[in-house]
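*Asks:* Sequence:
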Amino acid sequence: MSIIFLGFQKGYFQYLKLKGMGYKFINTGNNIILKFGFSHRIVYVNSIDTQSKFITKYLLGLESRSLWTLKRIVQSFINIRKKNVYKKKGIFLKGCLINIRVSSKKAKF
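Take the sequence shown: its letter number 4 is residue 4 in the numbering used here, and every next letter is one higher.
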């Protein structure tokens with residue numbers, strides 16, 4: 001019970017990290033633009049009860065008073081683009097371990 005009270009009092013934090021060539025977060029006021037390469041841009045409008053903090057163009061911090069709202073937003077970001085575990089590309093939670101697979105094909109270079 002005390003963890004819920006402290007989270008509501010101070011707020012919950014979650015960090016998202018982009019990995020991949022051409023993947024970026026762009027800050028435009030109240031909106032967050034996710035850039036995937038040259039052709040794909042996705043605009044996300046911040047809700048009233050969440051705040052975003054741009055640490056770098058590859059790292060985004062999200063803060064909310066509600067744990068449920070924060071987890072829902074983080075999950076929606078992660079589900080935008082499927083992770084590529086072979087090339088280590090996609091949207092990841094900072095500090096979370098991923099299972100990297102080794103390709104069975106031999107490299108040509």
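To be clear, the hints were calculated from the coordinates, so they are not data collected in a lab.
One should not assume that every hint holds.
Here are the simulated lysine-lysine pairs, DSBU-like style, with alpha carbons at most 35 angstroms apart [as the list claims (entries may be wrong)]:
#1 LYS19 with LYS57
#2 LYS94 with LYS19
#3 LYS89 with LYS19
#4 LYS87 with LYS35
#5 LYS89 with LYS57
#6 LYS24 with LYS94
#7 LYS19 with LYS71
#8 LYS35 with LYS83
#9 LYS53 with LYS87
#10 LYS57 with LYS82
#11 LYS35 with LYS10
#12 LYS53 with LYS83
#13 LYS53 with LYS89
#14 LYS10 with LYS89
#15 LYS24 with LYS10
#16 LYS87 with LYS71
Okay, the calculated beta carbon distance ranges per label pair [to be verified]:
#17 GLY29 with LYS87: 18 to 28 angstroms
#18 PHE38 with LYS10: 33 to 43 angstroms
#19 ASP49 with ILE78: 15 to 25 angstroms
#20 LYS35 with LYS71: 22 to 32 angstroms
#21 PHE38 with ARG65: 19 to 29 angstroms
#22 LYS10 with SER39: 37 to 47 angstroms
#23 TYR15 with VAL43: 14 to 24 angstroms
#24 SER66 with MET21: 30 to 40 angstroms
#25 SER66 with ASN30: 12 to 22 angstroms
Note that beta-carbon positions come from the ideal geometry of N, C-alpha and C, so glycine has one too.
*Asks:* Against the structure, test the hints numbered earlier, and report the numbers of the ones violated in rising order.
*Replies:* 17, 21
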